[in-house]
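From first to last, the protein sequence lines stand for chains A and B.
Residue 1 is where the first sequence starts when you use the numbering used here, and the numbers rise one by one after that.
Residue 113 is where the second sequence starts when you use the numbering used here, and the numbers rise one by one after that.
Just so you know, these hints were derived from the structure itself, not from any lab.
No experiment lies behind these values; they were computed from the predicted model shown.
Derived list of chain A stretches under chain B, where covered just means 3 residues or more per stretch with a C-beta under 8 angstroms from a C-beta of chain B:
| id | stretch |
| --- | --- |
| 1 | 25-38 |
| 2 | 47-54 |
| 3 | 90-97 |
| 4 | 103-109 |
Backbone N, C-alpha and C define an ideal beta-carbon position, used for all residues, glycine too.
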Amino acid sequence: QSALTQPASVSGSPGQSITISCTGTSSDVGAYNYVSWYQQHPGKAPKLIIYEVTNRPSGVSNRFSGSKSGNTASLTISGLQADDEADYYCSSYTSISSSVVLFGAGTKLTVL
Amino acid sequence: EVQLVQSGAEVKKPGESLRISCKGSGNTFTGNWINWVRQMPGKGLEWMGRVDPSDSYTNYSPSFQGHVNISTDRSITTAYLQWRSLKASDTAIYYCSTTPAIGGAYRSDYWGQGTLVTVSS
Numbered sequence: 001q002s003a004l005t006q007p008a009s010v011s012g013s014p015g016q017s018i019t020i021s022c023t024g025t026s027s028d029v030g031a032y033n034y035v036s037w038y039q040q041h042p043g044k045a046p047k048l049i050i051y052e053v054t055n056r057p058s059g060v061s062n063r064f065s066g067s068k069s070g071n072t073a074s075l076t077i078s079g080l081q082a083d084d085e086a087d088y089y090c091s092s093y094t095s096i097s098s099s100v101v102l103f104g105a106g107t108k109l110t111v112l
Numbered sequence: 113e114v115q116l117v118q119s120g121a122e123v124k125k126p127g128e129s130l131r132i133s134c135k136g137s138g139n140t141f142t143g144n145w146i147n148w149v150r151q152m153p154g155k156g157l158e159w160m161g162r163v164d165p166s167d168s169y170t171n172y173s174p175s176f177q178g179h180v181n182i183s184t185d186r187s188i189t190t191a192y193l194q195w196r197s198l199k200a201s202d203t204a205i206y207y208c209s210t211t212p213a214i215g216g217a218y219r220s221d222y223w224g225q226g227t228l229v230t231v232s233s
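Please construct the entire structure, taking both the sequences and the accompanying hints into account.
Written out as structure tokens, the structure is:
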């Protein structure tokens, strides 16, 4: 089963905004509002930062926001900070097979 | 707060069996599924499968079905990921995570610290 499609890397300067896309199909991202985003710093476990497309868990900065259009979900980080440099993964529920959850291949964010 | 504590790093030979664990604090296993996620060296996250501790129901990704077994012991709030015959390609960090069984939207709210499994002859 194919992973969701994300750009391999994005970059931005402190204070700027960046957007990471996550493209799926009509059987996952396009069909359900069950898209989540995770941040992973090197050597650390992933951390949930967005769920159900647009919701932020308690304690997550409002600089992180999510959206979706058709089969593509997006994560926007505004006011980039050095600590935002990390890998970001999207995930979605899928109705195909018993897999239930698909992850994207991940995007490396570099803060210049 | 939910805490998931995973067992320590393992070094095994191809063909050997292995079981790693994920212990939840307090009421972690009440109302939550437990997922297992693989991260191969330098690679992304892969959802392997999940178990519902309330009834031991499991789902597996087709990529892992038949190669691993996921189980749980509710009495000691511990979930397990088990292999009968390891391969070198099983070398990875394995994470457990929780998903609310109701309204969880298939998200992973909390994560263990990860268990590094190295399979080498």
